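In this note's numbering, the protein residues as written are 67 to 557.
Hints are computed from structural coordinates only; laboratory data are not their basis.
Keep in mind that a hint or two might mislead.
Derived DMTMM-like pairs (lysine to aspartate or glutamate); straight-line CA-CA distance at most 25 Å [stated by the list, open to error]:
#, residue 1, residue 2
1, K316, D441
2, K451, E425
3, K316, E103
4, K534, E488
Ranges between beta-carbon positions, derived for each pair [said to hold, decoys possible]:
#, residue 1, residue 2, range
5, A180, S94, 48 to 54 Å
6, R82, P512, 33 to 39 Å
7, R82, E530, 38 to 44 Å
8, A554, T240, 50 to 56 Å
9, R82, T240, 35 to 41 Å
Everything numeric in this text was worked out from a predicted model, so none of it was measured.
Backbone N, C-alpha and C fix where the C-beta goes; we use that ideal spot for every residue, glycine too.
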Amino acid sequence: MISALLERHFAEAQDRIVVREMEGRDYSLAELRADVERIAATLQDVYGDCSGLVFGIAARSSYTWVATMLAIFRVKAVLLPVPIEFSDEQIGSLLHKATAIFAQDAHTAARISAILPGIACLDAASERSAWPARGAPAGERIEPGICGIIHTSGTTSKPKGVKIRDEAVGLLVTNVLKRVPQAPLDYLSIVPMSLLIEQVLGVFLPILSGGSLTLMPARYAEYGARSGNARDYLDLIAQVDPNFLYLPPKLLEEADALLESTSVTSLFGRRNPHIITGGAKIPATVLESLDKRGVQVYEAYGLSENSSIISLNYPGHRRIGSAGPLLDGIVPTIVDGELRVLTPTLCAGYYNSDDTSCELTDGYLHTGDIAEIVDGYLYITGRKKHVIILSTAGNISPEWVETVYKESALIDDIVVFGEGREEPAAIVLSPHDEAAILGEMARLEPRLADFARVRRVLVVADIERFRKDYYTVTGRPRRQLIERDLAASLY
């Protein structure tokens with residue numbers, strides 16, 4: 067269990083700096099332990115037995131965020147973090163059954179109270195007198211053994227909440243620790259801590275390895291939560307000099323471009339960190355280019371329904387273009403091209419959705435991803451539910467087509483669609499003119515089957531606005547919405 071692993075470390079480890087704030091202060095393990103004990107004791111004083119009660123967190127990543135999460139674990143309650151960038155409807159759909167919600171500040175608390183009147187908003191850093199009185203009303207309890215609920219994109223605007231088992235996260239962390247450097251891991255957090263992968267890589271692994279977590283300055287929006295200049299985030303790395311990082315594919319693409327004019331040490335620091343990437347497909351050409359410069363990146367693949375990571379490249383076992391060997395204990399099978407896994411880290415279903423939507427056959431989780439396994443390495447080639455069937459009967463995996471075209475430095479992102487049409491079309495996010503984009507696409511298209519080549523293109527220059535309107539908070543395009551709103555302009 068992850069809660070038991072953390073409690074054991076708290077009890078046995080020597081004191082050290084465990085959380086650092088850029089432009090802020092450092093926190094020791096002893097301070098973190100004391101704050102966890104204080105928050106946990108206050109929760110129990112207010113609500114009594116907290117086991118199974120759901121507590122939300124609506125805040126950006128911070129030291130208090132970490133202490134609050136660990137306190138929720140300690141009282142055997144359930145963590146439900148929600149990005150403050152979510153709409154009011156999304157926040158309400160996830161948190162309406164919570165007992166209370168830890169809010170980032172007074173402004174966020176006022177917003178939450180307007181969305182969910184009657185549910186208490188808490189300040190983890192406040193004195194006991196600012197909390198509700200003893201015996202405050204509690205929300206519903208969920209089944210034992212659940213430590214967290216993680217939002218994941220559904221087929222509608224309302225995110226689903228995946229119930230994560232305490233035992234599953236503990237097993238996952240134990241397995242991932244075998245595939246990262248066997249040393250104290252000093253990590254720089256760039257993406258939101260509301261993502262389970264960031265909790266695993268940014269909190270659990272650094273603490274349990276004897277390392278530390280560094281948090282960005284408060285003036286920086288978390289990457290992926292809002293649009294931001296990639297260079298601003300990359301410039302933080304050398305300042306911190308971490309030895310362990312998670313970088314989304316887009317930041318790696320930007321890093322590769324920057325390394326044309328700067329050194330690896332200037333960009334990544336003197337320790338040249340162990341870098342994990344995932345969450346979206348990254349062109350193999352980018353990884354190959356970084357590799358030649360001496361920057362090794364370890365691609366991973368996972369699903370919230372599996373408590374995050376399913377497979378991971380690691381030193382001595384790495385193939386560019388693959389998502390690496392599967393973690394210990396995961397048994398794969400391929401059915402009609404789709405990867406299905408029998409996994410010991412399976413979720414416990416959905417919190418606010420029909421449990422049957424977590425599709426299983428004979429215990430195997432349907433990942434929905436088209437995949438193949440070659441010499442023990444997993445290759446993801448597309449999404450089963452995203453396969454486009456043209457009117458000509460040609461089948462296209464849009465992710466594969468997009469990956470090819472995104473090798474162009476002129477294309478920020480591309481979304482391909484065309485279900486039931488004679489040929490595919492695409493929205494291209496780029497500040498460059500249409501003629502330049504079409505030229506680049508023509509250069510790359512020989513790698514695609516004739517029927518998969520995109521000739522109908524709409525170039526969108528206002529990238530930030532488009533991402534806000536048509537992407538999820540985790541950075542995935544809302545394909546159905548994009549096609550509904552924009553297909554008519556292309557056909």
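Here is what the structure says about each hint:
no.	hint	in the structure
1	K316 with D441	28 Å, violated
2	K451 with E425	13 Å, holds
3	K316 with E103	39 Å, violated
4	K534 with E488	30 Å, violated
5	A180 with S94: 48 to 54 Å	38 Å, violated
6	R82 with P512: 33 to 39 Å	55 Å, violated
7	R82 with E530: 38 to 44 Å	40 Å, holds
8	A554 with T240: 50 to 56 Å	51 Å, holds
9	R82 with T240: 35 to 41 Å	21 Å, violated
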